[in-house]
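*Asks:* Sequence:
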Amino acid sequence: MVPEIHSIFFLLGLGGLAIAYRLRLASLGMLAIVLLGLGYWSGWNQIYLGRHLSIIDSIALQMPIVAAILFLPLAYRCRSQKLFLLNAIAVCSALLSSLAEIVTKGSILPSLLLILPAALLWSYDDTLWTIGQREKLFQPIARRLAVLYLGGLFYWMSFHWVWGDLAWYSRILEWRSLPSVAILSAIAIGQWIYLLIQTPQLKTVMIGTMISVSTIVNFWHLRVQPIPIFAPLVFNAMLVILSIVTLRDSLKTGERRAFWFSIMFLSVQILSRLLEYEIDSPLRLLIFGACGISAIAAGLWFEHRVRVLPPTELKHLRTAAHR
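Residue numbers (our numbering): 1 to 323.
A portion of the hints provided could be inaccurate.
Dumping the calculated BS3-like pairs for lysine-lysine here, alpha-carbon to alpha-carbon at most 25 Å [as the list claims (entries may be wrong)]:
#1 Lys-252 - Lys-136
#2 Lys-252 - Lys-203
#3 Lys-82 - Lys-136
#4 Lys-136 - Lys-203
Hint data in this document are derived by calculation from the structure and do not stem from the laboratory.
Take the sequences, apply the hints, and build the full model.
*Replies:* Right under this line is the structure:
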């Protein structure tokens, strides 16, 4: 029997991974992630909808936890932040695809677990997964990804049509992908307990509160009483708070990506609300113009400030912010 194309990608990826461990090559590890990703997504229908699975397909069903087990040790072995970033994206995207297969009509599980990638990433701590290492090598990357994911999720949930149409809860339960989801949920809970035992920072309390509020709102809407008007208001408010806090931190540390991320989300949110609600055209044009001018002015001021600060001071500010 000729192997299917996604199985070939899996085998090539595993072969590349073995060589990457042997030679300690982060670049080869990233290539292996790409090959496994191609195999996973090209065979997605067969993996999740097929009734007669091969050994490779059965392993791919648990891809979120498999990817973490295969590539996280290699990222530490190579001390590669790029490899960790690619692995984190692979784990979270596979996790979301697993959630898509446990949707049932009226089920609250997928909507509650949509917040799981952010909970996993923000609570990630290098000291939990290494022996004798106190350096936070990958935690800043994981937290940036968590903020980016929360921003996208809150933006999506800030639209009224998301809460008025529940037609996407319509699939038959596929329990086969549940083990990896359950394991990662348990890991997230353990990481948060470890994080809260220590003295939590204000940002950690804020992110934890947002995750809790998101879970409560979703549960209330689906199981207690529909709140199609109140829910978008909550997520709009959380998106504004997240953007403003990110903006404040970027002004302290001089991080360009964080600054432009917050400016982008604030601008997109304002523009989306203008388009979503019925507003007079002159007022809409006025707000559009004011938003654009404000973003340009803020960007010019920020870039000037970053250039004026000495590189040593910028490095010190960023190091202090990630402690």
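*Asks:* Next, verify each hint and record whether it holds.
*Replies:* Okay, the hints, checked on the actual structure:
no.	hint	in the structure
1	Lys-252 - Lys-136	holds, 20 Å
2	Lys-252 - Lys-203	holds, 14 Å
3	Lys-82 - Lys-136	holds, 15 Å
4	Lys-136 - Lys-203	holds, 17 Å
When each numbered hint is compared with the structure, no violation occurs for any of them.
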